Amino acid sequence: MSPVEAAAEVFWTAFKSLPKGAQGEFLDRLMVDRRVRHELEDRLDNAAVDRALKERGRVSWQALKKGLKS
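Just so we're aligned, residue 1 is where the sequence shown starts under the numbering used here, counting upward by one.
Hints are not guaranteed to be accurate.
As the list claims (entries may be wrong) - Quick list of simulated restraints, FRET-style, between CB atoms:
{"id": "1", "residue 1": "Leu-27", "residue 2": "Ser-2", "range": "40 to 46 Å"}
{"id": "2", "residue 1": "Gln-62", "residue 2": "Ser-17", "range": "41 to 47 Å"}
{"id": "3", "residue 1": "Trp-61", "residue 2": "Glu-9", "range": "31 to 37 Å"}
{"id": "4", "residue 1": "Gly-57", "residue 2": "Arg-35", "range": "35 to 41 Å"}
{"id": "5", "residue 1": "Met-31", "residue 2": "Gly-57", "range": "33 to 39 Å"}
{"id": "6", "residue 1": "Trp-61", "residue 2": "Ala-22", "range": "38 to 44 Å"}
{"id": "7", "residue 1": "Leu-18", "residue 2": "Ala-52", "range": "29 to 35 Å"}
{"id": "8", "residue 1": "Gly-21", "residue 2": "Gly-57", "range": "37 to 43 Å"}
{"id": "9", "residue 1": "Trp-12", "residue 2": "Lys-65", "range": "32 to 38 Å"}
{"id": "10", "residue 1": "Ala-7", "residue 2": "Gly-57", "range": "37 to 43 Å"}
{"id": "11", "residue 1": "Glu-9", "residue 2": "Lys-65", "range": "34 to 40 Å"}
{"id": "12", "residue 1": "Lys-65", "residue 2": "Val-10", "range": "18 to 24 Å"}
{"id": "13", "residue 1": "Pro-3", "residue 2": "Glu-25", "range": "25 to 31 Å"}
{"id": "14", "residue 1": "Gly-57", "residue 2": "Glu-9", "range": "36 to 42 Å"}
I should point out that these hints are in silico values taken from the structure, not numbers from a laboratory. Keep in mind it's a predicted model, so treat the numbers as computed, not measured. All C-beta atoms, glycine included, are put in the ideal place defined by N, C-alpha and C.
Turn these sequences into a full structure, and let the hints guide you.
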(Lines of atoms letter the chains of each structure in order from A and count residues from 1; the text may use other names and numbers.)
(Lines give C-alpha, C1' and ligand atoms only; values in the text may rest on other atoms or scores of the structure.)
Protein backbone atom coordinates (compact mmCIF):
# COMPACT_ATOMS: atom_id res chain seq x y z
CA MET A 1 0.00 0.00 0.00
CA SER A 2 1.40 3.38 -0.99
CA PRO A 3 1.64 6.28 1.50
CA VAL A 4 -1.26 8.02 -0.26
CA GLU A 5 -3.41 4.89 -0.08
CA ALA A 6 -2.48 4.45 3.59
CA ALA A 7 -3.48 8.05 4.37
CA ALA A 8 -6.77 7.58 2.54
CA GLU A 9 -7.42 4.40 4.56
CA VAL A 10 -6.77 6.29 7.82
CA PHE A 11 -9.24 9.02 6.84
CA TRP A 12 -11.83 6.48 5.70
CA THR A 13 -11.52 4.50 8.94
CA ALA A 14 -11.83 7.69 11.00
CA PHE A 15 -14.91 8.77 9.02
CA LYS A 16 -16.61 5.40 9.49
CA SER A 17 -15.94 5.51 13.24
CA LEU A 18 -17.79 8.83 13.62
CA PRO A 19 -21.40 8.82 14.87
CA LYS A 20 -23.96 9.26 12.07
CA GLY A 21 -24.59 12.91 12.97
CA ALA A 22 -20.91 13.75 12.84
CA GLN A 23 -20.60 11.92 9.49
CA GLY A 24 -23.39 14.10 8.14
CA GLU A 25 -21.73 17.27 9.37
CA PHE A 26 -18.44 16.20 7.77
CA LEU A 27 -20.18 15.52 4.45
CA ASP A 28 -21.90 18.92 4.68
CA ARG A 29 -18.49 20.57 5.07
CA LEU A 30 -17.18 18.73 2.01
CA MET A 31 -20.13 19.97 -0.04
CA VAL A 32 -19.46 23.58 0.96
CA ASP A 33 -16.01 23.39 -0.63
CA ARG A 34 -16.69 24.10 -4.32
CA ARG A 35 -13.61 22.23 -5.60
CA VAL A 36 -14.41 19.12 -3.57
CA ARG A 37 -18.09 19.29 -4.56
CA HIS A 38 -17.21 19.47 -8.27
CA GLU A 39 -14.77 16.56 -7.93
CA LEU A 40 -17.44 14.45 -6.21
CA GLU A 41 -20.03 15.39 -8.84
CA ASP A 42 -17.65 14.42 -11.64
CA ARG A 43 -16.88 11.07 -10.03
CA LEU A 44 -20.58 10.34 -9.47
CA ASP A 45 -21.39 11.30 -13.06
CA ASN A 46 -18.65 9.01 -14.38
CA ALA A 47 -19.86 6.12 -12.21
CA ALA A 48 -23.43 6.61 -13.46
CA VAL A 49 -22.26 6.59 -17.08
CA ASP A 50 -20.22 3.44 -16.49
CA ARG A 51 -23.25 1.69 -14.97
CA ALA A 52 -25.55 2.85 -17.77
CA LEU A 53 -23.21 1.58 -20.46
CA LYS A 54 -23.17 -1.87 -18.85
CA GLU A 55 -26.97 -2.18 -18.83
CA ARG A 56 -28.57 -4.52 -21.32
CA GLY A 57 -30.23 -2.76 -24.21
CA ARG A 58 -27.94 0.23 -24.07
CA VAL A 59 -25.87 1.26 -27.06
CA SER A 60 -22.17 1.38 -26.27
CA TRP A 61 -20.28 4.62 -26.80
CA GLN A 62 -17.98 2.88 -29.30
CA ALA A 63 -20.94 1.75 -31.40
CA LEU A 64 -22.43 5.21 -31.20
CA LYS A 65 -19.18 6.86 -32.34
CA LYS A 66 -18.83 4.35 -35.18
CA GLY A 67 -22.34 5.25 -36.34
CA LEU A 68 -21.49 8.96 -36.29
CA LYS A 69 -18.50 8.49 -38.60
CA SER A 70 -20.68 7.01 -41.38
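A quick look at each hint next to the structure:
{"no.": "1", "hint": "Leu-27 / Ser-2: 40 to 46 Å", "verdict": "violated, 26 Å"}
{"no.": "2", "hint": "Gln-62 / Ser-17: 41 to 47 Å", "verdict": "holds, 43 Å"}
{"no.": "3", "hint": "Trp-61 / Glu-9: 31 to 37 Å", "verdict": "holds, 33 Å"}
{"no.": "4", "hint": "Gly-57 / Arg-35: 35 to 41 Å", "verdict": "holds, 37 Å"}
{"no.": "5", "hint": "Met-31 / Gly-57: 33 to 39 Å", "verdict": "holds, 34 Å"}
{"no.": "6", "hint": "Trp-61 / Ala-22: 38 to 44 Å", "verdict": "holds, 40 Å"}
{"no.": "7", "hint": "Leu-18 / Ala-52: 29 to 35 Å", "verdict": "holds, 32 Å"}
{"no.": "8", "hint": "Gly-21 / Gly-57: 37 to 43 Å", "verdict": "holds, 42 Å"}
{"no.": "9", "hint": "Trp-12 / Lys-65: 32 to 38 Å", "verdict": "holds, 37 Å"}
{"no.": "10", "hint": "Ala-7 / Gly-57: 37 to 43 Å", "verdict": "holds, 41 Å"}
{"no.": "11", "hint": "Glu-9 / Lys-65: 34 to 40 Å", "verdict": "holds, 38 Å"}
{"no.": "12", "hint": "Lys-65 / Val-10: 18 to 24 Å", "verdict": "violated, 42 Å"}
{"no.": "13", "hint": "Pro-3 / Glu-25: 25 to 31 Å", "verdict": "holds, 28 Å"}
{"no.": "14", "hint": "Gly-57 / Glu-9: 36 to 42 Å", "verdict": "holds, 38 Å"}
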